[in-house]
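Enquirer: Listed below are the residues making up each chain.
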Amino acid sequence: MLSPALVIAASLGYLLILFAVAYWADWRGRQGRSVIANPWVYALSMAVYCTAWTYFGSVGRAATGGVWFLPIYLGPTLAMVLGWLVVRKMIRIAKAYRITSIADFIASRYGKSPLLAGLVTLIAVVGIVPYIALQLKAVSAGYALLTTQAGDVAQASVHWSQDSAFYVALVLAGFTMVFGARHLDTTERHEGMVAAIAFESVVKLVAFLSVGLFVVYNLFDGLGDLFARAQAVPALRQLLRLEQGGQFAWAQWFALTLLSMLSVVFLPRQFQVMVVENVRESHLRRAVWVFPLYLLLINLLVLPIALGGLLYFGSGAAMNAESFVLSLPLAADQNALALFVFIGGLSAATGMVIVETIAVSTMVSNELVLPLLLRWRHLRSGAGQDLSRLLLGIRRAAILGVLVLGYVYFHLAGEAYALVSIGLISFAAVAQFAPVMLGGMYWKGGTRRGALAGLLVGFAMWAYTLMLPSIAKSGWLDAGFVAHGPWGVGWLRPEQLLGLSGFDGLTHSLFWSLLANLVAYVGVSLWRAPSGHEASQALLFVDVFERTTISSPVFWRGQARTPDLLQLCERFLGAAKAQALFADYARQVGVRHADAIRPDARFVQFVETQLAGAVGSASARVLVASVAEEETLTPDDVLRILDETSQIRAYSRALEEKSRSLEQATAELREANNQLQSLDRLKDDFMSSVTHELRTPLTSIRALAELMQADEGMPAAQRQQFIGIIVAETERLTRLVNQVLDMAKIEAGHADWHVAAVDLRALVTQAVATTAEVFRERAAQVHVHLPAQVPTLQADPDRLMQVLLNLLSNAAKFVPQPGGEVVVSVQADAQGVTVSVQDNGPGIDPAQALLVFDRFHQGGDAARRPQGTGLGLPISRQIVEHFGGRLWLEPPPTPAPTPTPTQGPPQLLPPAPGACFSFWLPLQPPIAKETTPP
Amino acid sequence: MTAKILIADDEPNIVISLEYLLQREGYTVVVARDGNEALSSIATERPDLVLLDVMMPHKSGFEVCQAVRADAALQATKILMLTAKGRETDVAKGLALGANAYMTKPFSTRELVQKVAELLGRPTEGSA
Amino acid sequence: MHKGLGSQRLVALFAGGWVLFNFPLLGLWDRDATVWGIPVFPASLFLLWVALIVALAWLVDRPSVRDDEAPPSAPPSDPAPLSPSAQSPARPPQA
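Residue numbers (the working numbering), protein chains in the order written: chain A, 7 to 940; chain B, 10 to 137; chain C, 40 to 134.
No lab work stands behind these hints: they were computed from the structure. Cβ atoms here follow ideal geometry from the backbone N, Cα and C, with glycine treated the same way. Hints should not be assumed to be uniformly reliable.
[As the list claims (entries may be wrong)] Distance windows between CB atoms, simulated:
#1 711(A) with 84(B): 32 to 40 Å
#2 486(A) with 104(C): 53 to 61 Å
#3 716(A) with 75(B): 29 to 37 Å
#4 791(A) with 52(B): 33 to 41 Å
#5 154(A) with 47(C): 52 to 60 Å
#6 55(B) with 852(A): 36 to 44 Å
#7 84(B) with 852(A): 55 to 63 Å
#8 852(A) with 75(B): 28 to 36 Å
#9 90(C) with 231(A): 50 to 58 Å
#10 642(A) with 104(C): 24 to 32 Å
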């Protein structure tokens with residue numbers, strides 16, 4: 007045994023260490039280097055699930071029921087399998103809408119109903135008080151065990167002023183206030199608290215494993231030895247089996263697993279650490295498997311400890327199995343270890359109490375007390391009052407109140423009932439939140455009335471089937487009504503409702519309460535359609551993953567004034583904080599000063615969300631409604647707002663589309679503009695070429711005419727020469743004008759085409775005959791190769807003649823004099839006919855091959871440039887192409903470049919390969935677009 | 010001392026008319042048929058005035074003008090651009106390149122004679 | 040919630056866990072034997088438990104899955120105010 011002073015000192019010392027850890031974490035958090043922004047810390051904080059019950063109750067359970075302690079921990083494991091899906095959604099919702107507690111969550115989902123919030127708070131308080139009592143009981147029992155002489159009878163009920171548990175409660179209240187109610191945070195985040203309980207989780211685990219290892223390796227010779235000796239005792243051997251001398255209560259196993267699965271999320275402390283205190287969603291990834299691993303580790307040695315204790319103390323000590331973790335070290339004179347284990351148990355208890363109480367007190371202050379206060383008009387409209395202090399005061403009072411209630415319960419009822427049972431009763435109470443919350447997250451049809459109905463019915467069922475019997479069994483109520491039903495009505499017996507027998511109390515209660523809860527929830531929800539406000543909240547919750555802040559619809563209609571809203575925030579958040587928030591918002595919307603913020607729906611929603619962090623969403627709703635003139639939201643409004651939002655989204659998408667297509671169109675326009683500009687330039691060039699060509703002969707004509715005019719005494723010969731030149735130039739001019747017109751007509755499509763059957767043989771022969779004179783002048787030879795049969799073409803014979811004449815005259819221009827040779831050949835193929843004109847002139851430089859077909863391009867050198875317009879080939883090409891054919895220059899047979907003639911008299915060059923122009927015409931013109939001869 | 014004038018044009022008929030005209034006025038006339046010929050003639054013959062056509066093979070009139078103006082020794086040579094290219098841009102280009110005067114074809118013989126006399130600093134000898 | 044492959048796997052694991060730890064599959068392990076000195080039933084329970092945890096860790100927390108997850112930037116997870124869009128949002132439907 008240990009001296010009380012030592013135990014107390016150790017306990018207080020440990021609590022101070024806890025406080026130091028919390029303080030340090032808070033300090034680091036303020037600096038921005040948060041210690042809790044860490045997935046491992048997050049996972050360990052979830053281990054607050056293991057309370058003093060784990061320490062003492064598990065072993066007790068194992069001692070009487072073998073593996074029956076396990077479902078309480080298997081359930082959470084299974085819950086964590088879905089944790090990444092379900093808890094993540096909760097976290098997302100809580101972050102998006104600033105939810106700070108379970109009551110807030112439920113109330114906010116079902117239309118921000120204050121009534122619902124209050125009900126949930128009440129249920130939570132009623133459910134939690136026994137659990138807190140359990141912790142107090144465990145700590146005081148442990149203390150008693152450590153400090154009383156073995157053999158002393160534990161004192162019976164003590165007066166509360168001398169009850170250690172009472173002082174424990176007070177001390178815990180003080181610490182809780184320090185941890186959680188020093189200031190109001192709009193996010194309700196408590197960095198210090200989270201760090202402290204993570205630290206505690208480690209202490210718990212280490213202490214428990216220490217005593218476990220002690221039992222296994224110190225009191226016994228290892229696991230093998232322990233189990234061997236256990237199996238030697240038949241009573242103990244049974245503990246290691248599933249069926250322990252009777253039918254295995256599968257239903258109870260199932261019920262326990264289900265119950266703990268629900269509790270691990272819906273206990274206020276679990277919700278607090280998992281959802282509210284979560285720093286980053288991705289931490290959940292680690293936590294969902296680290297937390298079950300923790301549970302596994304801490305339960306690893308429960309069975310050995312239980313068996314060890316039973317073996318050590320004898321089977322009859324099963325009654326006190328709950329204290330084996332302390333009694334075994336004490337019995338073996340390991341006082342230090344016993345103290346360490348006690349500290350571990352204290353750690354477990356304090357962790358639970360602190361977090362649970364903070365969570366519950368938040369709910370009480372926000373959802374119960376504040377709404378009542380707000381009804382007091384004076385408070386609402388009081389100007390210049392800083393209510394944040396008042397809120398803090400309420401919070402602290404709530405903490406104290408809850409703990410005192412816990413003590414009261416402990417004092418009145420705790421002694422008579424095993425720890426385990428008390429805990430399970432609490433679990434069953436918070437399990438009533440499950441249908442309402444899960445339904446709210448995944449079903450848009452849940453309404454406020456449905457939630458109210460479900461909770462009320464479930465809670466009533468729980469109270470009747472579980473709570474009352476436990477009180478009765480503690481002796482505070484006539485136990486008769488448990489055995490025979492109220493007023494003797496058999497089928498209303500609390501533990502065999504409607505005659506459903508064969509189940510233990512817990513399973514039975516769980517079944518009925520959850521069933522009634524679900525039926526009422528679904529039934530009443532489906533009875534009437536959700537209101538506008540409920541529908542909007544349902545959308546925001548169920549579709550939280552699809553909604554981002556930018557595109558989320560704002561469900562609010564009304565008018566407000568910014569100064570009013572600012573005042574409201576100042577009163578509940580404190581002046582400095584409110585102004586900082588407003589300034590931040592102003593900056594984000596691009597407004598210079600907070601006063602200039604436009605009080606639109608989005609801003610009002612922002613203010614309401616901020617307030618919700620401090621006073622809960624229901625109260626925030628009330629407060630904002632009091633400052634703004636609102637219009638009630640009907641379901642149609644909701645749909646319309648949703649429509650607008652989706653329209654906006656559609657519009658913005660359409661806008662993007664439009665701007666993209668606009669960019670495209672602009673690019674195309676620029677392209678077209680460039681093309682037009684180049685065409686314009688081409689046209690300009692053409693015009694200037696034409697005018698140049700026209701002006702040149704005109705110049706000679708004018709100049710010579712003027713000269714003749716001025717000089718009457720000009721010699722006749724000179725005069726004749728001049729006149730001859732004038733005539734020739736006039737002819738040249740005429741030719742040019744005609745060709746230009748021809749070219750323009752053809753290109754514009756205004757030329758007259760007369761399609762007829764064309765006999766190429768006859769045409770070629772005629773063309774050669776026409777140009778015979780020219781060739782004779784130049785002493786050039788013309789050879790014609792015509793096949794015997796040439797298919798008839800459909801084309802314009804006059805135009806084709808024009809082409810042939812052009813090619814022949816070109817050839818005539820460039821053949822050497824003398825010795826010129828021109829070969830005309832005609833070839834037919836399946837599709838059409840090819841005509842080639844080959845001369846043995848200087849040929850055409852391959853580089854010039856394309857230029858030849860340019861307008862006004864004239865080949866040959868300047869000195870010997872023959873009379874020409876430069877339009878012949880382009881026109882010929884147009885004609886040929888009009889009938890679907892091609893006109894081209896044959897590539898030279900050898901790549902020998904023709905030497906460009908230099909200045910000076912032409913030398914006798916070796917016979918050049920010359921140029922060969924060919925054109926091909928199809929037998930049928932492609933489209934009959936020409937006019938047929940009348 | 011009679012002035013020497015170089016006619017640079019590739020159109021033979023125009024050359025004929027210009028040659029006759031200027032010889033009638035009493036100038037010595039030299040002929041070039043393309044740009045290269047024009048440059049070498051200018052260098053060797055050192056005419057006082059050059060009647061420069063723009064559209065010539067091998068080197069355009071603009072290029073010849075530029076080359077002449079770039080040559081310090083030929084600064085005294087007057088250049089009269091005579092061309093069928095009559096757009097404003099062409100005129101501006103010619104003048105910017107250093108031509109002393111710019112006349113478009115077809116031209117009036119009287120005007121041409123006057124301009125030539127002007128450029129050469131001779132009083133115009135009235136022609137009938 | 041996104042009905043992705045990961046979610047479906049998790050649901051499957053959940054169902055599998057329930058089935059494994061309940062009637063009648065749980066009864067399979069109920070034998071009188073010992074494994075390295077430890078009775079089969081408790082040992083198997085713990086081993087199944089470990090297996091479940093490992094499967095869960097692999098499904099949710101393996102590096103490849105972690106890297107794919109975009110950081111949740113849409114809802115703010117810090118004490119900054121819920122940021123309304125900087126551009127002017129929907130006109131408030133004022134009467």
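Enquirer: Out of the numbered hints, which ones does the structure contradict?
Expert: Numbers 4, 7, 9 and 10 - these are the hints that the structure violates, sorted from lowest upward.
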